[in-house]
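Participant: Produce the entire structure from the sequences given, and follow the hints as far as they go.
2 protein chains.
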Amino acid sequence: MEDAAGFHSWFAGRSAAHRYRITPTPLHDLDGWYTDSATGDVRHRSGRFFSIEGLRFEPAAPDAPAWTQPIIRQPETGILGVLLKRFDGVPHLLMQAKMEPGNITTLQLSPTVQATFSNYTRVHRGAAVRYIDHFLTPGAADRVHYDALQSEQGSWFLGKRNRNIVVETTADVPVHEDFCWVPRPVMAELLRVDNLVNMDSRTVLAGLPDEVTGDGSGEAPLPGRASEQPLHDTATLLHWFTGAKMRHRSERTTIPLRRVGGWHRDDRRGEIAHEAGRYFRIIGVDVEADSREVPSWSQPMLAPAGRGVIAFVSKEIRGERHLLVQARAEAGTFDVAEIGPSVQCNPGNLAESARRPPYLDAVLAARPEQVLFDTVHSEEGGRFYHAENRYLVVDGTDIPLDVPEDYTWMTVRQLTRAGRIGNLVDVEARTLLACVRTLPGHGASR
Amino acid sequence: MEDAAGFHSWFAGRSAAHRYRITPTPLHDLDGWYTDSATGDVRHRSGRFFSIEGLRFEPAAPDAPAWTQPIIRQPETGILGVLLKRFDGVPHLLMQAKMEPGNITTLQLSPTVQATFSNYTRVHRGAAVRYIDHFLTPGAADRVHYDALQSEQGSWFLGKRNRNIVVETTADVPVHEDFCWVPRPVMAELLRVDNLVNMDSRTVLAGLPDEVTGDGSGEAPLPGRASEQPLHDTATLLHWFTGAKMRHRSERTTIPLRRVGGWHRDDRRGEIAHEAGRYFRIIGVDVEADSREVPSWSQPMLAPAGRGVIAFVSKEIRGERHLLVQARAEAGTFDVAEIGPSVQCNPGNLAESARRPPYLDAVLAARPEQVLFDTVHSEEGGRFYHAENRYLVVDGTDIPLDVPEDYTWMTVRQLTRAGRIGNLVDVEARTLLACVRTLPGHGASR
Chain Y
0 MEDAAGFHSW
10 FAGRSAAHRY
20 RITPTPLHDL
30 DGWYTDSATG
40 DVRHRSGRFF
50 SIEGLRFEPA
60 APDAPAWTQP
70 IIRQPETGIL
80 GVLLKRFDGV
90 PHLLMQAKME
100 PGNITTLQLS
110 PTVQATFSNY
120 TRVHRGAAVR
130 YIDHFLTPGA
140 ADRVHYDALQ
150 SEQGSWFLGK
160 RNRNIVVETT
170 ADVPVHEDFC
180 WVPRPVMAEL
190 LRVDNLVNMD
200 SRTVLAGLPD
210 EVTGDGSGEA
220 PLPGRASEQP
230 LHDTATLLHW
240 FTGAKMRHRS
250 ERTTIPLRRV
260 GGWHRDDRRG
270 EIAHEAGRYF
280 RIIGVDVEAD
290 SREVPSWSQP
300 MLAPAGRGVI
310 AFVSKEIRGE
320 RHLLVQARAE
330 AGTFDVAEIG
340 PSVQCNPGNL
350 AESARRPPYL
360 DAVLAARPEQ
370 VLFDTVHSEE
380 GGRFYHAENR
390 YLVVDGTDIP
400 LDVPEDYTWM
410 TVRQLTRAGR
420 IGNLVDVEAR
430 TLLACVRTLP
440 GHGASR
Chain G
0 MEDAAGFHSW
10 FAGRSAAHRY
20 RITPTPLHDL
30 DGWYTDSATG
40 DVRHRSGRFF
50 SIEGLRFEPA
60 APDAPAWTQP
70 IIRQPETGIL
80 GVLLKRFDGV
90 PHLLMQAKME
100 PGNITTLQLS
110 PTVQATFSNY
120 TRVHRGAAVR
130 YIDHFLTPGA
140 ADRVHYDALQ
150 SEQGSWFLGK
160 RNRNIVVETT
170 ADVPVHEDFC
180 WVPRPVMAEL
190 LRVDNLVNMD
200 SRTVLAGLPD
210 EVTGDGSGEA
220 PLPGRASEQP
230 LHDTATLLHW
240 FTGAKMRHRS
250 ERTTIPLRRV
260 GGWHRDDRRG
270 EIAHEAGRYF
280 RIIGVDVEAD
290 SREVPSWSQP
300 MLAPAGRGVI
310 AFVSKEIRGE
320 RHLLVQARAE
330 AGTFDVAEIG
340 PSVQCNPGNL
350 AESARRPPYL
360 DAVLAARPEQ
370 VLFDTVHSEE
380 GGRFYHAENR
390 YLVVDGTDIP
400 LDVPEDYTWM
410 TVRQLTRAGR
420 IGNLVDVEAR
430 TLLACVRTLP
440 GHGASR
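In the order they appear, the protein sequences are chains Y and G.
Going by numbering that gives the first Met the number 0, the residue at position 44 of the first sequence is 43; the numbering climbs one at a time, nothing skipped.
Going by numbering that gives the first Met the number 0, the residue at position 410 of the second sequence is 409; the numbering climbs one at a time, nothing skipped.
Among these hints, one or two may not hold up.
As the list claims (entries may be wrong) - Computed footprint of chain G on chain Y; a stretch qualifies when at least three of its residues, placed anywhere within it, have a C-beta under 8 Å from a C-beta of chain G:
hint, stretch
1, 139-147
2, 236-248
3, 412-422
If you're looking for bench data, these hints aren't it; they were derived computationally from the structure.
Computed from a predicted structure; not experimentally measured.
Heads up, the beta-carbon is just placed ideally off N, CA and C, and yes, glycines get one too.
Facilitator: Below, the structure written as structure tokens:
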């Protein structure tokens, strides 16, 4: 498989080879799950996997309102791993055609390994996770390029993290029929296809090495500092970020789900919803699949209301591409705030009287020649049901350098390096960064 | 004040100018504090400042034992700030002679600003904190070199953090009589004096810029990558650290202090102690001072049992000084594990049957010519009573490169850079790093 046409042919074959059935089911009918009668929390009978609970969020800033909301609590840390190997000097990524119950298109392109802790320790009593050894116990033929604990959606998960790993191997790797070596240049094309490359893939791709040289020596040396002209140096960015963490600090308390105000459980439909229909619903699904570790199961899912907008404003400053980023504090953020994209919002969730988020209208009004990237991608189909966002990169030549205090400008390379450390860059920014790094003039390698 | 003699003359003058009285007092007699009758927790009547509670720590690893212990809970984030200014091209640090009730010598050298959130928002109704504006609202003459949320003692505090800041100013700065501009080369000498430079100063000094050039352009450019020859690259170190976080993950739960096993409250002495006399006691003190924001107060303190050993093994590898570091998970560590020194232990706390920590005996048995640094420093005198540790740097030419899985080698510069990010390097490693960076061949600048 050397080009996108070859990929699509293989992928269509995988879609035809498997059968799946996803059936929405009331929460009270979900096999293996129960609602705690005292708290209203939704839990698995084994006590494992995840639960739906309530959260109270109280900002320390005196003028910021407190709120309560349902939230997914999943203390386990899973693994998202991409295996990389060079063929004729070209880096290829081992990707997987994988069904997730929340996917609009059912099958999407997943990383080599996408496994919860329950999966890879085989609590499900399913099959062993393929290729997991390259990530859990890298051998002499394996080289780790990227390994970080990374947050996922802070407005839906309480402090959830997954381990993101990229391993380059020189070992022979048997390729199972649901897997495929995708050349890195082809991956750049696939990222432009709606709802194809799943969230778990995108977050790992954000951490790919800048450039893989053909001589086997690994990552090319970064150009010397003199060749990069960031608007802000590292100390200035860390000062900005620490200041934002101080401003946004908060008290968070888990509370019984039934005590979350403004939300109700509809016992007839068997779901949990917001009284104005905003934000999301908690629903149940029954799943039948012939290609998963376990052939059938039931689970709750979070179904967002409508499609969000996730966008970077990109601007050339001092001859270097910069991205407008914001420090975002969400209810479930692991450590107060992380670095998010220029715009991250679901316009349908805004009350009519609400202030529009900065830069949202500028992004939505961009002229066609300003739009550098515009693709609809899905969020994680294992927890989120039909969760789509429009991912945009917009040239912001007209956007002033002077920005509100929660915003700043970072070069693509500064954001990429920050993203490799873990828990500094949020999942929306990371998955869009994976796309940004394929744009002309925005690659970390030049 | 241009040399160490001038400093000591000024410091002796400050010691003579103030009067203090610290009186150990039973916890039940402490003004403003009470013991919760249901839980046994020790709290301030205002609900602020800090509390002494119980903690249950359950490692996820199946062979690791769980335990309970008393712990200090202080959710507020204070500020530790050092103001830097060049005189005739020489960087000087504005330091403060400050009394803390737990100090053995009462007066130690503090940062320009050492203030709890209650201090600088004036909950104490004390005087305004001097120089705080340079750190809270840096002006045009101020440049921030370092700004990070940093952890403090993970075995004594539950997730406590302070904001560490270094600001360089070109503004005129009026110098109050308790403050003094210390030339950076003199500070290197003062760090070799027992119990003089306090913990809060040392942790901030660890983040000083590598080299301050004389031409006003700020930090000198880092030498190109080719000039540094680390044993492990950044990706390998992050892989090691993430692996350690996975191995050491745990469940932590605050519990009533009276349910902490193996500890008891001695009602006659009015203190809380471990049944074998190990670890620490919680005691009370009454304080009278003529130089603090508030002239008298009472508070609980943690009094450690005996003196600990904190050491780096230093080894030249590939022509570059490396430090042996370990990933340490302590009860109160903010995020599972941080990077600690080669040895961090209180030998008196080891049960006779306990395994000796790796490298402890090698450090204690070092020949005189191997000992590069050996000074007794105090831990924070605002919470800890007479808490001393012996800080050592030992040349480890004989120590093998191959180390246990929780250990690795980092160059001084790699550790310095990691320390600037926040919550990656523990307070013991940071305060010793401030000393390491003054050693020949160990400076981040060469």
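Participant: Tell me if chain G covers the stretch 139-147 of chain Y under the three-residue, 8 Å CB rule, please?
Facilitator: Answer holds; 5 residues pass the 8 Å Cβ test.
Participant: Are at least 3 residues of the stretch 412-422 of chain Y within less than 8 Å of chain G when you compare beta carbons?
Facilitator: holds (count 4)
Participant: Establish whether the coverage given for the stretch 236-248 of chain Y by chain G is satisfied; the threshold is a Cβ-Cβ distance below 8 Å, and no fewer than three residues must meet it.
Facilitator: n = 7 at 8 Å, threshold three: holds.
Of the hints listed earlier, there is not a single one the structure fails to meet.
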